[in-house]
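K.L.:
Chain by chain, the residues:
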Amino acid sequence: MGVISDLRKRWFVSALTAGAALFFTVALVYSTLTYADVMEARQGVELRGAVEAAEELDNGSLMVSFSIDVYNPSDKDLAVHSLSWAVRVDNSTDDVPSFLFVASVYNSSSEGIVFPAESTTTVSYMAVVPAGATLQRLVDFIEYSAAQGEEYTLSTMPFVHDFRMTAFTGGFDHDYQYYRELYLNDLVRVERTYYGGEYL
Amino acid sequence: MRVRGEDWRRMLVMALMSAPGVAFVFFDFIFPNLTTPSLDKNMLVLFLLAIMFGMPSGYLTRRTDLAIVTVLLYVAIGYTIAVAAYSAPFTIYDFSIIFPGLYFMFFVNMTVIPLLVIVLGGFIGVILGQVLGESMDREETAQNFAK
Chain X
125 MGVISDLRKR
135 WFVSALTAGA
145 ALFFTVALVY
155 STLTYADVME
165 ARQGVELRGA
175 VEAAEELDNG
185 SLMVSFSIDV
195 YNPSDKDLAV
205 HSLSWAVRVD
215 NSTDDVPSFL
225 FVASVYNSSS
235 EGIVFPAEST
245 TTVSYMAVVP
255 AGATLQRLVD
265 FIEYSAAQGE
275 EYTLSTMPFV
285 HDFRMTAFTG
295 GFDHDYQYYR
305 ELYLNDLVRV
315 ERTYYGGEYL
Chain E
1328 MRVRGEDWRR
1338 MLVMALMSAP
1348 GVAFVFFDFI
1358 FPNLTTPSLD
1368 KNMLVLFLLA
1378 IMFGMPSGYL
1388 TRRTDLAIVT
1398 VLLYVAIGYT
1408 IAVAAYSAPF
1418 TIYDFSIIFP
1428 GLYFMFFVNM
1438 TVIPLLVIVL
1448 GGFIGVILGQ
1458 VLGESMDREE
1468 TAQNFAK
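One line per chain: the protein sequences are X and E, in this order.
Each position in the first sequence, counted from 1, maps to that position plus 124 in the working numbering.
Each position in the second sequence, counted from 1, maps to that position plus 1327 in the working numbering.
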């Protein structure tokens, strides 16, 4: 075939071209697999098995705790951008929501938290509310509820746990320069929420 | 001028050798944070690569019209491969996601400028490749006469 003999005759350029084709083929396949892993993380990361607890301590303080599993099935680590946990007491009377603050925790990216690939990591929080203004508001709530016919104790109050996670898959977040590049961070950002007993 | 069967075969072989590079550049342009290595949307590097992709077509094809058709052919094949790579994860998880029009429109919207640059760079590369080929032929002939 004339084409092959021509390529043989000009072997140097032909070999360079074939080498470049091979290089770009490998790069494309590798990058596509990375893209598939990122999309797998986007769809597959789940929050599971939330456990909420509240306990009245002997000294009269209130201890609230929360734990939840972060399931990461992808081949890439999740670099945490932020984790937040807030626990409040539902004080809503009508359609307008109202809450009494109990405790909150915030973890930022500077703490370097990573959820490893193909693993389940348990995130646990615990907070003690000592005697003070916060606890007094809760005690007032219990007393007022009792007057309205609702019996609560410090450990059986209507707590609402709010856990939010934002992470970047594989640390692929992009230092964008233009608004048109925002989609690059949207692509690799994983956001999950657990709120009031529901996984959102 | 007629295009013979061998010309088509030559164009196809050249197009298949240049297409992976073009496909990677398009894919890299839309996901520069995921690709290895990445051009980081650097248009100058993209233009230089586009010239490089066009040079083998000019070097190995003497007829300029066929070399230019080869450029169009490898850009078309490369673009198709890039769209396939762009759709790859969704063919595994949820095929229906790739059908909405905006999904492909986003790809076209993001890659229309590199598309023009790669075609233009390819044409320039063809001319450079032909100049290089003729220069090497002249040198070879001169050396043969010198013997």
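Everything labelled a hint here was simulated from the structure, so no lab data went into it.
Every value quoted in this text rests on a predicted model; they were computed, and no experiment measured them.
Take these hints with a grain of salt, some might be off.
Stated by the list, open to error - With a straight-line Cα cutoff of 25 Å, these simulated DMTMM-like cross-link-like pairs (lysine to aspartate or glutamate) come out: (1) X/133 <-> E/1467; (2) X/133 <-> E/1333; (3) X/133 <-> E/1392; (4) X/133 <-> E/1334; (5) E/1368 <-> X/161; (6) X/133 <-> E/1464; (7) X/200 <-> E/1367; (8) E/1368 <-> X/219; (9) X/133 <-> E/1367; (10) E/1368 <-> X/267; (11) E/1368 <-> X/214.
K.L.:
Find the hints from earlier in the document that the structure breaks and name them by number, from lowest to highest.
P.N.:
8, 9, 10 and 11
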